[in-house]
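Work the whole structure out from these sequences, hints included.
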Amino acid sequence: MVKIDRINISNEGLTKFFSPIEAQIMKVLWENNELMTSEITKKTNIPLSSVAGTLDRLVKADFAQRRVENQGQRVRYIYSATTTADNAANAITTRILDSLVDTFGAVAIENFSSYKKSK
Amino acid sequence: MISIADEIICYAECVNNSDLLPLITFLIVVSLFLFTFYLKTKTPIHRVISFAGAQLSMVGAIAATFSTMECSRMLTIEVYLAYVLISTGVMLFLPGLYYKILIRRHNARPISEIVDWADDFVNKLANNSQIYYFDSAIPKAFASGKAIFVSVGMLEIFDQQELKAVLAHEAWHLRHNNKTPILRQLSLMTFTKYRPEQELELMADRFAEEIVGKGPLESARAKLI
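In the order they appear, the protein sequences are chains A and B.
Mapping the first sequence onto this note's numbering, position 105 (from 1) lands on 105, and the numbers just tick up by one.
Mapping the second sequence onto this note's numbering, position 6 (from 1) lands on 125, and the numbers just tick up by one.
By construction, these hints were calculated from the structure, which means they are not laboratory data.
Be careful, since some hints might not be right.
[As the list claims (entries may be wrong)] What follows is a set of in silico ranges between Cβ atoms, one per label pair, in the way DEER data are often shown:
#1 A:Ser50 to B:Asn246: 38 to 44 Å
#2 B:Arg223 to A:Ser50: 36 to 42 Å
#3 A:Ile9 to B:Leu158: 57 to 63 Å
#4 A:Asp62 to B:Asn246: 39 to 45 Å
#5 B:Lys265 to A:Ile78: 39 to 45 Å
#6 A:Ile9 to B:Leu321: 48 to 54 Å
#7 A:Glu34 to B:Lys265: 34 to 40 Å
#8 B:Glu337 to A:Val28: 29 to 35 Å
#9 A:Asp62 to B:Val209: 47 to 53 Å
#10 B:Leu321 to A:Trp30: 43 to 49 Å
#11 A:Thr15 to B:Lys259: 24 to 30 Å
#12 B:Ile344 to A:Ile9: 37 to 43 Å
#13 A:Ser50 to B:Asn247: 47 to 53 Å
[Claimed, not checked] Below, computed lysine to aspartate or glutamate pairings styled on DMTMM-like, alpha-carbon distance capped at 20 Å:
#14 A:Lys60 to B:Asp254
#15 A:Lys16 to A:Glu34
#16 B:Lys259 to A:Asp56
#17 A:Lys42 to A:Asp86
#18 B:Lys342 to B:Glu275
#19 A:Lys43 to B:Asp238
#20 A:Lys27 to A:Asp62
#21 B:Lys219 to B:Glu197
#22 B:Lys342 to A:Glu31
#23 B:Lys259 to A:Glu31
#24 A:Lys43 to A:Glu31
#25 B:Lys333 to B:Asp278
#26 A:Lys42 to B:Asp238
[Unchecked claim] Under 10 Å between C-beta atoms, here's a sample of chain A residues computed to sit facing chain B:
#27 Ile9
#28 Ser10
#29 Lys42
#30 Ile46
#31 Asn70
#32 Gln73
#33 Ile109
#34 Glu110
By construction, the Cβ of each residue, glycine as well, lies at the ideal position given by its N, Cα and C atoms.
Rendered as structure tokens:
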């Protein structure tokens, strides 16, 4: 869950920063405004037993938020992402850059600069 | 400075001059006999009973010894007596109060805030019980002390009849909760494998089946697999 020591740069896409299930859930939350738990399991095609614990973790880590709604006789969680995909990317990038600068100091900053020029 | 040798000499002198010597000797022999039996027996219930009996006999012997004391150097016995009193208090009273700790730990809220029928339904099965819900997507329900705790995840996946089956199951635990925690505590203290859980769960299921029928109970169970 975007912990610097858990980042795996050899993984594909969002799974560099999230577990595969977390990545799938965050993707559907970013693509949709609000979703019920049953809609998340349907859209990700992941069973509830795996989704439930992951949703608890995403809420605790403040990537997702939820509210309880009472529709008729049924109680439902309504989930949404706490921030847009771009803002999340920004937060992750900042965290990684901070870590690189903490470790390598001026060398890291010099590299960012030459990297920017080459792009 | 605590001297064990001084304590033993003090103990021997005081007890030798006391009329309670035969009673103290008897209680110690009983305690040793029960403790030996506890070490040898394999039957869980015999282990629990013999351990509790050995402890009680030793407490009796200590109390009798205490009353014969004319010197005040029995610190180790005082410490042991304090341990017995505190652990007995914890064993007897903590299970009944533990649900209050759980309410805080889970930040639980009264279920009446989101489900209007649950309190009435459970109170018909177990008087003076309280039902709380807590914030988790993982379907979970459990009972402690006077309270039943249900996660929002469980409220999400079950319909009313299935929830009634779950609540009736937990209400059975509330009705019989006065017996099980003490046995559980004793089994921990005596290092005895005491596993009545499966049996208790089956009895709770049978009770739920009587209240709501087999269908809702089975469909609730199927949703949790």
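Verification of the supplied hints:
no.	hint	result
1	A:Ser50 to B:Asn246: 38 to 44 Å	holds, 39 Å
2	B:Arg223 to A:Ser50: 36 to 42 Å	violated, 29 Å
3	A:Ile9 to B:Leu158: 57 to 63 Å	holds, 58 Å
4	A:Asp62 to B:Asn246: 39 to 45 Å	holds, 42 Å
5	B:Lys265 to A:Ile78: 39 to 45 Å	violated, 32 Å
6	A:Ile9 to B:Leu321: 48 to 54 Å	holds, 51 Å
7	A:Glu34 to B:Lys265: 34 to 40 Å	holds, 37 Å
8	B:Glu337 to A:Val28: 29 to 35 Å	holds, 32 Å
9	A:Asp62 to B:Val209: 47 to 53 Å	violated, 38 Å
10	B:Leu321 to A:Trp30: 43 to 49 Å	holds, 46 Å
11	A:Thr15 to B:Lys259: 24 to 30 Å	holds, 28 Å
12	B:Ile344 to A:Ile9: 37 to 43 Å	holds, 38 Å
13	A:Ser50 to B:Asn247: 47 to 53 Å	violated, 38 Å
14	A:Lys60 to B:Asp254	holds, 11 Å
15	A:Lys16 to A:Glu34	violated, 25 Å
16	B:Lys259 to A:Asp56	holds, 13 Å
17	A:Lys42 to A:Asp86	violated, 25 Å
18	B:Lys342 to B:Glu275	holds, 11 Å
19	A:Lys43 to B:Asp238	violated, 35 Å
20	A:Lys27 to A:Asp62	holds, 15 Å
21	B:Lys219 to B:Glu197	violated, 32 Å
22	B:Lys342 to A:Glu31	violated, 28 Å
23	B:Lys259 to A:Glu31	violated, 29 Å
24	A:Lys43 to A:Glu31	holds, 11 Å
25	B:Lys333 to B:Asp278	holds, 15 Å
26	A:Lys42 to B:Asp238	violated, 33 Å
27	Ile9	violated, 30 Å
28	Ser10	violated, 31 Å
29	Lys42	violated, 14 Å
30	Ile46	violated, 13 Å
31	Asn70	holds, 5 Å
32	Gln73	holds, 6 Å
33	Ile109	violated, 42 Å
34	Glu110	violated, 46 Å
Checked against the numbered hints above, the structure breaks hints 2, 5, 9, 13, 15, 17, 19, 21, 22, 23, 26, 27, 28, 29, 30, 33, 34 and satisfies the rest.
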